[in-house]
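Going down the list, the sequences are from chains A and B. Residue numbers for the first sequence follow our numbering, so the first one is 1 and each next one is one higher. Residue numbers for the second sequence follow our numbering, so the first one is 1 and each next one is one higher.
If you are wondering where the hints come from, they were derived from the structure by calculation, not from laboratory data. Among the clues, some could well be false.
Note that identical chains are pooled: a pair holds if it fits in a single copy or bridges any two copies.
[Unchecked claim] Restricting the straight-line Cα-Cα distance to at most 27 Å, the calculated cross-link-like pairs of lysine-lysine (BS3-like) are:
#, residue 1, residue 2
1, 285, 153
2, 394, 346
3, 101, 121
4, 93, 121
5, 285, 365
6, 431, 394
7, 229, 203
8, 394, 229
2 protein chains.
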Amino acid sequence: MLKIFSREDVIKKISSEILERIRPDERELEEARRIYEILREELRPYFEDVNASIQLHGSIEKGTALKGDLDLDVFILIPKELGKEWIRREFIKRARKALSKYHVEERYAEHPYLRIKIDDKFEADVVPGLKIDDPRETETAVDRTPFHTQYIKKMLREDQRDEVRLLKRFMKGVGVYGAEVKIGGFSGYVAELLIVKYGSFIKVIEEAAESWREPVIITLTNEDPKVLKRFFQGSSFILPDPVDPRRNAGAAVRSETLARFILAARAFLKDPSENFFFPEKPDMKIIMGDAEKICFKVFELDLVKEESPDNVWGQLLRIKRRIYNVLDSEGYDPVYIDVFWDEKSKPLIYLELPTEYCVKGYLYKVVEGPPIYSHEAVRFIEKQLSQDEGFWIKDNRLYGFRRKSLDNVLRIIRENSNIGVLRCCNPIDPKDLFTRSFDEEYVLWLGETILKIPRYMNRSF
Amino acid sequence: MLKIFSREDVIKKISSEILERIRPDERELEEARRIYEILREELRPYFEDVNASIQLHGSIEKGTALKGDLDLDVFILIPKELGKEWIRREFIKRARKALSKYHVEERYAEHPYLRIKIDDKFEADVVPGLKIDDPRETETAVDRTPFHTQYIKKMLREDQRDEVRLLKRFMKGVGVYGAEVKIGGFSGYVAELLIVKYGSFIKVIEEAAESWREPVIITLTNEDPKVLKRFFQGSSFILPDPVDPRRNAGAAVRSETLARFILAARAFLKDPSENFFFPEKPDMKIIMGDAEKICFKVFELDLVKEESPDNVWGQLLRIKRRIYNVLDSEGYDPVYIDVFWDEKSKPLIYLELPTEYCVKGYLYKVVEGPPIYSHEAVRFIEKQLSQDEGFWIKDNRLYGFRRKSLDNVLRIIRENSNIGVLRCCNPIDPKDLFTRSFDEEYVLWLGETILKIPRYMNRSF
Numbered sequence: 001m002l003k004i005f006s007r008e009d010v011i012k013k014i015s016s017e018i019l020e021r022i023r024p025d026e027r028e029l030e031e032a033r034r035i036y037e038i039l040r041e042e043l044r045p046y047f048e049d050v051n052a053s054i055q056l057h058g059s060i061e062k063g064t065a066l067k068g069d070l071d072l073d074v075f076i077l078i079p080k081e082l083g084k085e086w087i088r089r090e091f092i093k094r095a096r097k098a099l100s101k102y103h104v105e106e107r108y109a110e111h112p113y114l115r116i117k118i119d120d121k122f123e124a125d126v127v128p129g130l131k132i133d134d135p136r137e138t139e140t141a142v143d144r145t146p147f148h149t150q151y152i153k154k155m156l157r158e159d160q161r162d163e164v165r166l167l168k169r170f171m172k173g174v175g176v177y178g179a180e181v182k183i184g185g186f187s188g189y190v191a192e193l194l195i196v197k198y199g200s201f202i203k204v205i206e207e208a209a210e211s212w213r214e215p216v217i218i219t220l221t222n223e224d225p226k227v228l229k230r231f232f233q234g235s236s237f238i239l240p241d242p243v244d245p246r247r248n249a250g251a252a253v254r255s256e257t258l259a260r261f262i263l264a265a266r267a268f269l270k271d272p273s274e275n276f277f278f279p280e281k282p283d284m285k286i287i288m289g290d291a292e293k294i295c296f297k298v299f300e301l302d303l304v305k306e307e308s309p310d311n312v313w314g315q316l317l318r319i320k321r322r323i324y325n326v327l328d329s330e331g332y333d334p335v336y337i338d339v340f341w342d343e344k345s346k347p348l349i350y351l352e353l354p355t356e357y358c359v360k361g362y363l364y365k366v367v368e369g370p371p372i373y374s375h376e377a378v379r380f381i382e383k384q385l386s387q388d389e390g391f392w393i394k395d396n397r398l399y400g401f402r403r404k405s406l407d408n409v410l411r412i413i414r415e416n417s418n419i420g421v422l423r424c425c426n427p428i429d430p431k432d433l434f435t436r437s438f439d440e441e442y443v444l445w446l447g448e449t450i451l452k453i454p455r456y457m458n459r460s461f
Numbered sequence: 001m002l003k004i005f006s007r008e009d010v011i012k013k014i015s016s017e018i019l020e021r022i023r024p025d026e027r028e029l030e031e032a033r034r035i036y037e038i039l040r041e042e043l044r045p046y047f048e049d050v051n052a053s054i055q056l057h058g059s060i061e062k063g064t065a066l067k068g069d070l071d072l073d074v075f076i077l078i079p080k081e082l083g084k085e086w087i088r089r090e091f092i093k094r095a096r097k098a099l100s101k102y103h104v105e106e107r108y109a110e111h112p113y114l115r116i117k118i119d120d121k122f123e124a125d126v127v128p129g130l131k132i133d134d135p136r137e138t139e140t141a142v143d144r145t146p147f148h149t150q151y152i153k154k155m156l157r158e159d160q161r162d163e164v165r166l167l168k169r170f171m172k173g174v175g176v177y178g179a180e181v182k183i184g185g186f187s188g189y190v191a192e193l194l195i196v197k198y199g200s201f202i203k204v205i206e207e208a209a210e211s212w213r214e215p216v217i218i219t220l221t222n223e224d225p226k227v228l229k230r231f232f233q234g235s236s237f238i239l240p241d242p243v244d245p246r247r248n249a250g251a252a253v254r255s256e257t258l259a260r261f262i263l264a265a266r267a268f269l270k271d272p273s274e275n276f277f278f279p280e281k282p283d284m285k286i287i288m289g290d291a292e293k294i295c296f297k298v299f300e301l302d303l304v305k306e307e308s309p310d311n312v313w314g315q316l317l318r319i320k321r322r323i324y325n326v327l328d329s330e331g332y333d334p335v336y337i338d339v340f341w342d343e344k345s346k347p348l349i350y351l352e353l354p355t356e357y358c359v360k361g362y363l364y365k366v367v368e369g370p371p372i373y374s375h376e377a378v379r380f381i382e383k384q385l386s387q388d389e390g391f392w393i394k395d396n397r398l399y400g401f402r403r404k405s406l407d408n409v410l411r412i413i414r415e416n417s418n419i420g421v422l423r424c425c426n427p428i429d430p431k432d433l434f435t436r437s438f439d440e441e442y443v444l445w446l447g448e449t450i451l452k453i454p455r456y457m458n459r460s461f
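All chains, full assembly: derive it from the sequences and hints.
Okay, here's the thing in structure tokens:
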């Protein structure tokens with residue numbers, strides 16, 4: 001029997017299959033809750049004297065967690081009158097004592113907090129904060145979290161939790177999930193707010209595909225978009241936090257990440273598939289085949305000091321932009337640049353160039369010189385002649401050939417990749433790229449980088 | 001004895017050497033005058049009844065002729081009341097009878113006129129016109145000529161005639177002399193006016209080098225430059241004819257020709273040499289050596305009908321501009337285009353391309369696609385995928401590789417070089433360029449085209 005599926009049918013079928021894979025099962029959730037109860041009982045005696053409130057926040061509490069992603073956010077909220085000073089002095093000391101039987105790692109946000117690992121399966125962040133009554137008095141993300149939990153629990157219908165899960169998994173799949181600098185994308189809270197706003201995963205996707213334009217302005221309250229645009233000038237994605245509209249919940253979203261999401265949304269509507277949620281690892285043989293046809297150079301950077309991933313990523317992205325811009329403005333015609341860092345080994349810079357660089361060691365190209373009338377004209381001509389090159393006039397302007405050498409490209413890379421804790425740079429044999437790691441994230445990155453196809457698309461040959 | 005020459009000394013020495021070569025000798029001038037007298041006596045009986053005035057005009061009469069360039073402009077001016085109708089009906093008939101013993105060729109300007117050859121050495125144009133009292137009543141170049149002769153004879157001091165000769169020869173040498181469409185440059189009259197204005201050859205050169213900017217505005221009368229700029233909008237070179245300031249004597253000067261002249265003037269002041277007046281033919285071996293390193297295609301156009309050189313040149317220049325613009329706007333990265341025509345054989349198109357076209361048959365290049373937000377985005381991606389190419393996002397915009405094939409370049413040439421009497425086109429073996437002709441003009445053109453060095457510069461290796 002022949003059956004024609006509509007696009008809606010296909011999307012429904014994919015969604016329900018994906019949900020089977022991403023909805024945490026009851027046992028898992030119960031275990032997480034049980035662990036939270038244990039932690040709470042272990043922490044309570046150490047914070048009872050100051051009347052602290054111990055609370056679970058994050059996606060488990062909001063009912064929007066993904067399977068296998070059951071990290072606990074345990075908040076210890078201290079009465080406001082004790083203040084930050086008390087937190088600084090007492091929190092880590094007391095929490096360490098309470099959790100001495102776990103593997104504990106001290107980390108830094110606005111205040112130091114503890115990350116503990118339980119059975120290699122769960123991770124819990126134990127975070128200090130102040131009890132605050134009015135969200136407009138909050139100063140930090142930690143302070144606001146309880147209000148976020150409360151808002152989402154109130155506004156999200158139970159059936160919409162799965163919609164959040166689909167959206168989060170889609171965002172992960174296409175590489176735009178996370179407010180960290182590395183991704184510059186959508187936080188879990190933003191994903192939840194989008195479902196509150198539009199009602200369902202597919203509505204968000206349709207909205208993004210059809211009407212999002214940078215800067216995207218979305219309101220859950222009654223702000224005037226024009227005012228928001230001015231107030232959050234420079235933001236690509238403006239979504240005022242409903243619990244504190246002076247703050248842009250989407251501030252982390254970078255222009256390029258937004259573009260990736262919009263493109264993915266359009267591609268999904270055109271040709272929906274599970275690939276958007278769980279991209280397939282590309283075939284290393286195909287990657288290696290394509291790599292033969294292009295010209296690229298790879299460098300490993302040294303990290304001279306430990307620093308938070310966000311800071312290092314910020315420096316990496318500055319290096320990426322700076323190298324590209326210098327090469328571009330000096331006429332070296334860079335094709336593509338990207339950075340990769342697994343946050344464990346050394347960061348990589350991948351730079352792709354016109355193939356002539358690899359074939360001949362230089363690019364021979366026409367450069368536009370100054371207008372004939374300018375005083376630069378004579379200098380341009382002298383430079384051409386000194387390099388044994390000619391020049392010609394077209395429409396009032398001088399033109400000539402220039403040899404752009406690979407050596408100069410490498411010099412520019414060396415000169416522009418010492419930022420912050422990063423130091424330039426060891427050239428890597430391009431072939432080593434293909435054996436360096438087989439981590440999913442690395443292979444997906446390598447595929448996108450060499451094949452120039454988003455990870456969610458199947459390149460058909 | 002060591003002697004240091006100043007630049008002024010060098011220029012003086014060069015000027016006097018050049019003048020020796022370009023100043024016509026007395027014998028030559030006398031012969032020209034004698035021939036004019038003979039022609040006048042032969043013409044007189046045929047135009048006596050209408051009281052015509054027979055006059056000599058042009059550079060011989062003005063005393064600014066170059067040696068070996070002693071063409072006679074014989075004007076037969078008819079009383080105004082007889083009018084153009086009489087000229088049309090009677091002039092050619094009567095003039096042919098009067099000059100029946102010469103080799104006569106009928107040519108066309110505003111009216112038909114006769115060109116006669118005498119002893120293979122002199123050429124005389126016998127041209128009809130109306131006797132007009134006020135230059136402001138003139139309508140055609142022919143009508144104005146008597147006033148030009150009169151003005152120059154009055155305004156030019158005798159010692160300045162050599163200055164005109166130097167300037168004209170310099171303009172010839174650097175390829176900007178002539179108001180015909182082929183050159184789009186400075187007429188003899190404009191050269192004379194420039195000497196009237198600035199006093200000497202070197203003053204004109206200094207003025208051009210130091211302060212000419214397009215549009216150049218030069219007045220011999222009292223016009224307001226701002227008014228002139230508006231009145232002669234679109235002109236690159238504005239020099240109101242002093243005998244009729246509503247007319248721009250420099251109207252023929254094209255932007256690129258002006259730029260060539262200015263550049264040559266600067267180069268001359270920097271490093272004066274005789275090359276500017278008499279460029280040396282470049283060495284064909286060097287041209288052939290350089291040609292090996294570049295990628296170019298040559299085509300011969302067919303002329304399907306005879307037409308005036310100005311018209312054909314106009315069509316050639318349109319073809320040149322059109323092919324370049326289409327290739328450029330469609331992303332084929334043309335390097336250089338030019339046309340050559342000796343006004344006898346078939347016109348040539350020379351098109352230079354990035355070397356990849358010759359090596360691989362196509363150019364593999366990054367193209368900038370539409371912004372991600374535009375509706376073109378999906379079409380761009382589909383096109384990339386259909387061509388088995390990827391795409392990527394940078395700053396809100398899509399990019400991708402494209403193969404620009406040589407076949408398409410050739411198709412664009414074929415489709416865009418049928419204008420007027422010109423029909424596209426037979427591909428020419430590039431090697432044939434080097435044996436096609438050894439005419440000075442051709443070899444100078446070929447040198448400039450391949451070497452990309454102005455003809456007046458010695459390329460030093």
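Verification of the hints:
1. In this homomeric assembly, residue 285 and residue 153 never come within 27 Å of each other (Cα to Cα): the closest approach is 47 Å inside a single copy and 84 Å across copies.
2. Taking the closest pair of Cα atoms, residue 394 and residue 346 come within 27 Å of each other only across two copies (25 Å); inside a single copy the shortest separation is 48 Å, beyond that limit.
3. Taking the closest pair of Cα atoms, residue 101 and residue 121 come within 27 Å of each other only inside a single copy of the chain (16 Å); across copies the shortest separation is 114 Å, beyond that limit.
4. With identical chains, the CA atoms of residue 93 and residue 121 are at most 27 Å apart within one copy only, with a shortest distance of 25 Å there and 111 Å across copies.
5. For a Cα distance limit of 27 Å, the shortest separation of residue 285 from residue 365 across copies, 24 Å, qualifies, whereas the shortest one inside one copy, 33 Å, does not.
6. In the homo-oligomer, the alpha carbons of residue 431 and residue 394 lie at most 27 Å apart only across protomers (26 Å), although the nearest pairing inside one protomer, at 44 Å, exceeds that limit.
7. In this assembly of identical chains, the alpha carbons of residue 229 and residue 203 lie at most 27 Å apart only when taken from the same copy (23 Å versus 60 Å across copies).
8. Proximity of residue 394 and residue 229 under a CA criterion of 27 Å is satisfied inter-copy only: 23 Å between copies versus 44 Å inside one chain copy.
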